[in-house]
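Participant: One-letter residues, chain by chain:
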Amino acid sequence: DTEVTQTPKHLVMGMTNKKSLKCEQHMGHRAMYWYKQKAKKPPELMFVYSYEKLSINESVPSRFSPECPNSSLLNLHLHALQPEDSALYLCASSQGLGGYYGYTFGSGTRLTVV
Amino acid sequence: DQQVKQNSPSLSVQEGRISILNCDYTNSMFDYFLWYKKYPAEGPTFLISISSIKDKNEDGRFTVFLNKSAKHLSLHIVPSQPGDSAVYFCAASGVISNSGNEKLTFGTGTRLTIIP
Numbered sequence: 002d003t004e005v006t007q008t009p010k011h012l013v014m015g016m017t018n019k020k021s022l023k024c025e026q027h028m029g030h031r032a033m034y035w036y037k038q039k040a041k042k043p044p045e046l047m048f049v050y051s052y053e054k055l056s057i058n059e060s061v062p063s064r065f066s067p068e069c070p071n072s073s074l075l076n077l078h079l080h081a082l083q084p085e086d087s088a089l090y091l092c093a094s095s096q097g098l099g100g101y102y103g104y105t106f107g108s109g110t111r112l113t114v115v
Numbered sequence: 821d822q823q824v825k826q827n828s829p830s831l832s833v834q835e836g837r838i839s840i841l842n843c844d845y846t847n848s849m850f851d852y853f854l855w856y857k858k859y860p861a862e863g864p865t866f867l868i869s870i871s872s873i874k875d876k877n878e879d880g881r882f883t884v885f886l887n888k889s890a891k892h893l894s895l896h897i898v899p900s901q902p903g904d905s906a907v908y909f910c911a912a913s914g915v916i917s918n919s920g921n922e923k924l925t926f927g928t929g930t931r932l933t934i935i936p
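As you go down the protein sequences, you meet chains A and B in turn.
Basically our numbering = 1-based index in the first sequence + 1.
Basically our numbering = 1-based index in the second sequence + 820.
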């Protein structure tokens with residue numbers, strides 16, 4: 002299994018809703034990432050988990066709350082989002098931190114906040 | 821502050837010819853560079869990488885060249901095929917974030933269109 006699986010693929014939520022994005026990998030990778038990508042922009046790093054511990058939080062607003070229940074799963078809990086949070090949310094994993102390992106990306110969740 | 825830049829938002833190349841995608845960076849602390857390919861509605865797919873101690877890495881039709889003095893790298897695809905049509909992102913790692921860990925920084929992407 003060489004994939005990163007993200008669910009759901011599409012999500013529409015209101016500004017008062019609470020929802021969660023899920024990411025799963027079974028490659029034994031110990032680092033997992035959340036990226037946000039707006040149209041015609043590069044992916045921007047949000048969070049990094051290494052060995053199930055949060056190692057990077059790129060000053061992301063608290064309405065985004067990551068969770069790593071185990072080494073295979075990474076969640077992103079969403080609450081009270083704004084329309085400008087609409088974007089493609091990408092999960093990735095790697096064997097270790099650093100570019101040498103390369104990242105495997107999921108297909109993303111297309112989030113629309115209305 | 822865009823530390824990794826791809827100045828050509830789009831590129832069209834005839835099938836069978838060489839595609840050259842360019843990337844410039846500003847931070848000399850980057851020690852590893854990667855190229856990703858992205859189709860619409862999919863996540864980026866890793867293509868090829870190069871360490872900062874090398875100046876060339878080749879994998880099949882893909883070759884990446886690194887010019888450290890110019891802080892420039894390029895991806896050559898030869899021969900170009902219709903399936904190569906996608907958005908290509910250059911990425912760099914080695915910059916330490918506030919937490920002391922490395923992170924990957926992406927360029928803005930170049931949309932490559934291969935003309936049959």
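Simulated from the structure, these hints should not be mistaken for laboratory data.
It cannot be assumed that every hint is accurate.
Stated by the list, open to error - 30 Å max Cα-Cα, derived DSBU-like pairs, lysine-lysine:
#1 B:Lys-825 / A:Lys-20
#2 B:Lys-874 / A:Lys-10
#3 B:Lys-825 / A:Lys-19
#4 B:Lys-888 / A:Lys-54
#5 B:Lys-858 / B:Lys-876
#6 A:Lys-20 / B:Lys-891
#7 A:Lys-39 / B:Lys-858
#8 A:Lys-42 / B:Lys-874
#9 A:Lys-20 / B:Lys-858
#10 A:Lys-10 / B:Lys-876
#11 B:Lys-874 / A:Lys-20
#12 B:Lys-888 / A:Lys-42
#13 B:Lys-858 / A:Lys-54
#14 B:Lys-923 / A:Lys-39
#15 B:Lys-874 / A:Lys-23
#16 A:Lys-10 / B:Lys-891
#17 B:Lys-923 / A:Lys-20
#18 A:Lys-42 / B:Lys-876
To be verified - Partner residues aside, some chain A positions facing chain B, computed with beta carbon under 10 Å:
#19 Val-5
#20 Pro-9
#21 Lys-10
#22 Lys-42
#23 Leu-46
#24 Val-61
#25 Phe-65
#26 Pro-67
#27 Cys-69
#28 His-80
#29 Ala-81
#30 Leu-89
#31 Thr-105
#32 Gly-107
#33 Gly-109
As the list claims (entries may be wrong) - Selected chain B positions facing chain A (in silico; Cβ < 10 Å):
#34 Phe-866
#35 Phe-882
#36 Gln-901
#37 Ser-905
#38 Ala-911
#39 Gly-914
#40 Phe-926
Bear in mind that the values here come from a model prediction, so they are computed numbers and not experimental data.
Yeah, the Cβ is synthetic: ideal placement off N, Cα and C, and Gly gets one too.
Participant: For a quick check of understanding: which of the numbered hints are violated here, in increasing order?
Facilitator: As far as the earlier hints go, 1, 2, 3, 4, 6, 10, 11, 15, 16, 20, 24, 25, 26, 27, 28, 29, 35, 36 and 37 are violated by this structure, in ascending order.
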